[in-house]
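There are 2 protein chains.
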Amino acid sequence: MDHPFDIACALVSAGQGRYNGQAPAAYWNMAGPFGGTTAAVLLKAAMLEQPGGVEPVALTVNYCAALVAGEFQIEVREVRSGKSVRHVSMELTQGGTIAATASLVCAWRRETWAHQPAKMPDAPPPDALPPMDTGTRLPWLQRYEFRFVRGAMQLQAQPFAAPQPAHSLLWVADHPRRPLDHLSLAALCDVFFVRVFQVRGTLVPAGTVTMTVHFHASAEEIAAQGDEPVLGVADAQAFGRNFGDQTAQIWSKHGRLLASTTQLAWFKE
Amino acid sequence: MDHPFDIACALVSAGQGRYNGQAPAAYWNMAGPFGGTTAAVLLKAAMLEQPGGVEPVALTVNYCAALVAGEFQIEVREVRSGKSVRHVSMELTQGGTIAATASLVCAWRRETWAHQPAKMPDAPPPDALPPMDTGTRLPWLQRYEFRFVRGAMQLQAQPFAAPQPAHSLLWVADHPRRPLDHLSLAALCDVFFVRVFQVRGTLVPAGTVTMTVHFHASAEEIAAQGDEPVLGVADAQAFGRNFGDQTAQIWSKHGRLLASTTQLAWFKE
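Just so you know, the protein sequences line up as chains A and B, in that order. Start counting at 1 in the first sequence, then tack on 201, and there's your number in this note's numbering. Start counting at 1 in the second sequence, then tack on 201, and there's your number in this note's numbering.
Among the clues, some could well be false.
Same chains, same names: a pair is fine if it fits in one copy or spans any two.
With a Cα cut of at most 30 Å, we get these calculated BS3-like pairs of lysine-lysine [to be verified]:
| no. | residue 1 | residue 2 |
| --- | --- | --- |
| 1 | LYS469 | LYS284 |
| 2 | LYS284 | LYS320 |
| 3 | LYS454 | LYS284 |
| 4 | LYS469 | LYS320 |
| 5 | LYS454 | LYS469 |
Since the hints were derived computationally from the structure, they do not count as laboratory data.
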């Protein structure tokens, strides 16, 4: 039986650069599916149009409208293909409404000088931490295994009197487990709860409007992670006038920075 | 006489959603103009299509090909306009080549709960630091006043034996001075030298392929900065396989986070 994530990313070709997919019920969030699967399926469509050996470098997804249940269409457009770097644009529509736009930088990446100034935070091993109980919650939460080191969301009856830290550190994996690849890595970049909930201790109407992912690791390094939890770090810099940001990193169990990501989420009040 | 930055951002309407501009000689870099002006002129074109009161929220620019001297065309496309949030796509072409694509999230932003977890780094006042001598260097360098607190680029005859810190802290302003606005703030997000030069101590073929800017401050807060230097902080997380990242923040003299930005730059070897 296919993994729910692979079902969420399943596409049927509808002509050159055109694909049809299904909004994934298994990843449903409050309004529409989890944005991580939308990012992943847009990345998948773009990569299906690339020659062999090309790898993702940078992905930006703009969330324009909530997806509804049922079929969606993706159109992939080749913007510019140089000797090594390629630029691609994607658009996801549903019933004539543009639900998401995206851009991908991808490339034939060769070995070069390499250096990782960022250091993985210290954390106890995932097995030392209990998984968050997601059993009766939203479908998308049940598709992940969250093991918080610190910064688990604490929703209160009333907002905190003073803003709490926006920082979270957690091990996270697909549930059921699935070997990591560029697609699930892209989705994991959106797995952190909207920082405004974390800082205020209460739910307010909110949603991601744009997310950018930078892929630092090779397909081989990502595959070396297997299906074990990755370490996620999320934080925020500023909230105000309806928008708040999130910065995050995804680390392999070996201390390799697999991806870094930033996003802005809208919130109502 | 118009400021060189305003000349760089000058656009002539060529029908609805279409504009013509000129690649700015005053901001020339090694190959084509400084990427910051390209970001600014794309933002300007998109904002010219918006109703009054709409402000920028998030801008992503993908640099697809170097601009050459002469005219370019920008096409702005309205993707989705909700009650408050608006999504726009932009494309810059020159002689039939797509030189840049971009997306903008903009919105009517209202007062809401606000909180700034990020703290401005300590720095001596700009007047206490000498400006970098840019007199005989590339044109775009002469359009800015750089006052480094630390992390000034030190180019060597040979690369450093060991990678140096990617961190830089500097006061920076337009030269000649110009009151800050969203356009010059977008350009300032690309003002930090490619981190790979900084870390390796040598120039290698390199260029920004994608930049994302998040705007945290209101037009009023940005205007309150006047023409005084902003404090810029730049760093990097990972370099390898032809790409290296940059994270940066732009702070007002009052300690307000005006914008945060991430980018990926390609490098050859």
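Hint by hint, here is what the structure shows:
In this assembly of identical chains, LYS469 and LYS284 lie within 30 Å of each other by CA distance solely across copies; the values are 12 Å between and 45 Å within a copy. Proximity of LYS284 to LYS320 under the C-alpha cut-off of 30 Å is found in neither arrangement, the shortest distances being 33 Å within a copy and 42 Å between copies. Within a single copy, LYS454 and LYS284 get their C-alpha atoms no closer than 34 Å, and across copies no closer than 43 Å, so neither meets the 30 Å cut-off. Taking the closest pair of Cα atoms, LYS469 and LYS320 come within 30 Å of each other only across two copies (24 Å); inside a single copy the shortest separation is 35 Å, beyond that limit.
Taking the closest pair of Cα atoms, LYS454 and LYS469 come within 30 Å of each other only across two copies (29 Å); inside a single copy the shortest separation is 37 Å, beyond that limit.
Hints 2 and 3, counting from the list given before, are not met by this structure.
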